[in-house]
Amino acid sequence: MTTPLDTILASVFADITRETVLDTRLLTVDGAALYEVLKRLKTYPDLDFSLLLDITAVDYLTYPKRAAARFVVVYTLRNWKKNYLVQVRVPVADPDTGLPSVADLWGSALWAEREVFDQYGITFTGHPDLRRILNHHQFKGHPLRKDYDIHAGQVCTEPDSLEPEIRARLKVNGVDDSTMSDINTEIMFLNIGPSHPATHGAIRIFAALDGETIMANVNEIGYLHRGFEKTAEHRTYNQIVPLTDRLNYCSALMNNIAYVKAIESWLGLAITERAVFMRVILSEFFRIQDHLVCLAANLVDMGGLTNYWYLYNEKEASYDLISRLTGARLTSSFTRIGGMAHDFYEGWQDDLARQLVDIEKGVNDSLKLVARNRIVHDRTQNVCVLSPETALSYGFTGPNLRASGVGFDLRKDSPHYFYESFDFNVPVGTTGDVYDRMMVRFEEIFESMRIIRQAVKMIPEGELFAADHRYVLPEKSKVYNSIEGAANHFKLIFEGVRVPEGAWYDSFEAANGELGFYFVSDGSGTPYKLKVRPPCFYAMGGFHEMVEGEMIADAIINLGSINIIGGELDR
Amino acid sequence: MSGTEIFITIIRVGFGVFVPLSAVAVMVWMERRGAGFIQDRAGPNRCNVLGFRFGGLLQNIADAIKLLFKEDVIPGHIAHKFYFILAPALVFITALLCFAVIPFADALVLGASTYLMQAMPLELGILWFLAIIGFGVYGIILAGWASHNKYGLLGGLRAAAQVISYEIPMGLALVSLLAVYGTVNLTEVTQFQGRLLFGVIPMWGVVLQPLGFIIFVIAAFAETNRTPFDLAEGESEIVAGFHVEYSSMKFALFFMGEYIAMFVSSALIVTLFFGGYQIPWLNTQTLVAHARPVAVALMLILPAAAYVFARWIGFNNPGPAPNPAQRVRETKVYIAVVWSLVALIEVILLGYIVAGAGGAADRILVVWLQTAVFLLKTFFVCFVYVWVRWTLPRFRYDQLQKLGWEKLLPLALFNIFITGAVVVALG
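Going down the list, the protein sequences come from chains A and B.
Just so we're aligned: 260 in the numbering used here is position 260 of the first sequence, and the numbers increase by one with no gaps anywhere.
Just so we're aligned: 56 in the numbering used here is position 56 of the second sequence, and the numbers increase by one with no gaps anywhere.
I should point out that these hints are in silico values taken from the structure, not numbers from a laboratory.
Since the structure is predicted, the reported quantities are computational estimates derived from the model, not experimental observations.
Be aware that a few hints might be false.
[Stated by the list, open to error] Here are the simulated lysine to aspartate or glutamate pairs, DMTMM-like style, with alpha carbons at most 25 Å apart:
1. B:150 <-> A:264
2. B:150 <-> A:229
3. B:150 <-> A:30
4. B:150 <-> B:31
5. B:150 <-> A:210
6. A:315 <-> B:63
7. A:476 <-> A:351
8. A:368 <-> B:362
9. B:150 <-> A:96
10. A:81 <-> A:96
11. B:150 <-> A:443
12. A:315 <-> A:443
13. B:402 <-> A:378
14. B:150 <-> A:158
15. A:146 <-> A:210
16. A:81 <-> A:420
17. B:402 <-> A:210
18. A:81 <-> A:23
19. B:407 <-> A:360
20. A:361 <-> B:40
21. A:81 <-> A:545
22. A:65 <-> A:186
23. A:146 <-> A:233
24. B:150 <-> A:160
25. B:150 <-> A:23
26. B:66 <-> B:31
27. B:150 <-> A:177
28. B:150 <-> A:360
29. A:315 <-> B:188
30. B:150 <-> A:46
31. B:402 <-> A:94
32. A:315 <-> A:264
33. A:82 <-> A:46
34. B:66 <-> B:235
35. B:407 <-> A:378
36. B:150 <-> A:233
37. A:42 <-> A:30
38. A:146 <-> A:96
39. B:402 <-> A:160
40. A:368 <-> B:71
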């Protein structure tokens, strides 16, 4: 089917190979043409790909089929207004020469290119600050290369001083030694974190201060890097589900759902309606949990501890309900390819309805303390403002982007799981300050409740699993009583779900923004490559733009308001 | 110096030292249980000796023991150990000294001599308080500086800036108040508030100086470094600020200093604005003149109050517990203790009515009554501190300055003009 996008692409990129993979248009270009192609994609008004979602690379060293080049870099771009998704594939002839950097087109490329450099050793010429990002600066080798020896342990001892980086950042902001001597003062460097009550995990925020005002800020992440993507290359598709729990552990189940949804879309596997509704109910319920945690922590950063209890008490009670629904409080691992692990218990609807009422009460109590509180208004309004342009450039998605006034929500713009048939609104902020980010989350809690209430009314009875036994385990009776069933079970467990060869990207509106998975399959039961597009990695990449010129106390509440989750940030 | 004089001096000094110290325990308990109450949770209620928990009060003793036995760390990077150690002591001592001038009962007249019921019977009154409480912040600044830690330094700086900006509105609020009272002596201030306005309303500071009251309370909150003005500590921003390097009893001194300062400023708010030890409509002369009926009334009120209190204990204490039988036994003991205390007081009052009424005994009874009223009022204001802490979030450094300089200072000046005009007009 030819869509308007195909027509435009055909006219703009007539001489470039174009393919369609799921809902993604795939352009394959060579390194020399790359910058021009990406620039056109961003700047042509018809194309307007304002979001650079992700950059990753694939190492085809051990791939069964010979590839043109060992390394291929993949850019994922989105036009949020028209829901166009384009991927640009570039074979890299020589990783040391690398590719031109696109950091001047999109801010998100700054960190994305650093990650590719770190994991694959591909250089980006023209990048202002090409350093390792997830791995330690003393680390040798590039872990996601296929010839990296995962058993060779490395001991890294020296902390990164970050002083050259922050001095460079000070220069960018127009602060040099002469201005300092003019006003007869010195800049104080302050480390906030990696271990600090406000980092809610381990992130290092390094700030250059004049009094309490932040003149420049550089951040170091990777403290929670555990090689999720490398591990995934050694697990079968279903074995990766528990690993996804640990991405955004505040809404573990949404990661499970996003992950299996990505595989199911590639397989073309239609799951049953009951499973769809269960996924909608659970993901909205987890969205509420995620926002409760974020808001509670954010208000604690502001000194409002009572709000924390009003929100967290309900989160705790919800976790009890979640453990009854899914069998685990935090790391649910509740989805399987083609369905859900098991059904809900009898009478879950009443418990869920009751819990929603309790959450509503807790959130309203907290709102009463916040909504008309002058101190809260002064602390949050017009503080750490993120303009829509900056937000898009740095690849912000989800509530953070919507708070800046960009009404992009995959549930509305790229509907899946019957989201188009639910009646709900997408709250959008006006200024993109901390207040908007908080209030968007408060409102989303209420909208999610509406979706859940509608879904609970509509959920049909029926099977949990699709009936396709190429991907889904057979019933136990068949496993025990027939040789075909036993063999089917054996193959699926030992070899994993065999996924047809190919490479694809699929995304999901997680609590924090667009959670994308990019897979490369070689046709076996384990992914050849799996890349996560974590929403808060890109939010953190734009953190310095928000806090420079503000005060320490603002930076602290801003960090809370963009909801950085270490598990997802560092993978 | 006569025996009575020595005895009364000991009583006064003892009151001035031990009451704030014991108040720390009560206030920490009030803070924790109050926070629990406000935040929909229980608060500390497990710590016990032989199953007796005293509503969570024992937690404080456990904490005190923990702090005493903790290692007293002086980090190696600290160059000025003397100042590092001096700082907590300074905070603690100044807080305690402030209380010395606050009258907890009306002057006791025994025969020919009059004894002021305050630990240090100074004429300076409020000036002493201002002088000493301003000195307390040196402890915080010194701690921040001597810690040789960036967070500590930021905390110290914040404290310094905060105190400078808030002492001025506080002082100005007091100026208008003193114009009304016409004295700096706190006993006289309280005696003034025993009078009635238009014969019905007690002439409390809060009635005469509502604006001054608001300014003073805000400034007092800022002076005690309590939320929403706890920037010097700012645990989510600068990780405890000035006391980030302190451990063990040195930390405990800061901690106790904060609570004593809170108790003292509550006591001062009560003294200046809520009539101090005065019972509304019953000033000292009235009480002394009608000591016998007052004692009878007390004998009637006490059992009634005790009955309500015992019912409340009986209703709340058993609760869900690992050992319900123990909880029931505990509750019975508490109720028995309450009733035996009441019985003891009843006996004393009865003895007073039968044998001792008239003369010195009347006056001593009134002193006891007024002390109790004073403490009751003070603890209520302390609860307001707790209440505010668990309701409001924290200011930002520059917003705090703005509030102090741009709002409170002009308001305080305006208040002085208004008050001056009224005082002059009324002669």
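Each hint, compared with the structure:
no., hint, verdict
1, B:150 <-> A:264, "violated, 53 Å"
2, B:150 <-> A:229, "violated, 38 Å"
3, B:150 <-> A:30, "violated, 51 Å"
4, B:150 <-> B:31, "violated, 29 Å"
5, B:150 <-> A:210, "holds, 13 Å"
6, A:315 <-> B:63, "violated, 30 Å"
7, A:476 <-> A:351, "violated, 30 Å"
8, A:368 <-> B:362, "violated, 51 Å"
9, B:150 <-> A:96, "violated, 42 Å"
10, A:81 <-> A:96, "violated, 37 Å"
11, B:150 <-> A:443, "violated, 39 Å"
12, A:315 <-> A:443, "holds, 17 Å"
13, B:402 <-> A:378, "holds, 11 Å"
14, B:150 <-> A:158, "holds, 22 Å"
15, A:146 <-> A:210, "violated, 46 Å"
16, A:81 <-> A:420, "holds, 16 Å"
17, B:402 <-> A:210, "holds, 19 Å"
18, A:81 <-> A:23, "holds, 15 Å"
19, B:407 <-> A:360, "violated, 37 Å"
20, A:361 <-> B:40, "holds, 12 Å"
21, A:81 <-> A:545, "holds, 24 Å"
22, A:65 <-> A:186, "violated, 59 Å"
23, A:146 <-> A:233, "holds, 10 Å"
24, B:150 <-> A:160, "holds, 19 Å"
25, B:150 <-> A:23, "violated, 52 Å"
26, B:66 <-> B:31, "holds, 19 Å"
27, B:150 <-> A:177, "holds, 21 Å"
28, B:150 <-> A:360, "violated, 42 Å"
29, A:315 <-> B:188, "violated, 55 Å"
30, B:150 <-> A:46, "violated, 52 Å"
31, B:402 <-> A:94, "violated, 59 Å"
32, A:315 <-> A:264, "violated, 31 Å"
33, A:82 <-> A:46, "holds, 10 Å"
34, B:66 <-> B:235, "holds, 21 Å"
35, B:407 <-> A:378, "holds, 15 Å"
36, B:150 <-> A:233, "violated, 44 Å"
37, A:42 <-> A:30, "holds, 18 Å"
38, A:146 <-> A:96, "holds, 17 Å"
39, B:402 <-> A:160, "violated, 39 Å"
40, A:368 <-> B:71, "violated, 43 Å"
Hint compliance for this structure: hints 1, 2, 3, 4, 6, 7, 8, 9, 10, 11, 15, 19, 22, 25, 28, 29, 30, 31, 32, 36, 39 and 40 are not met, and every other hint is.
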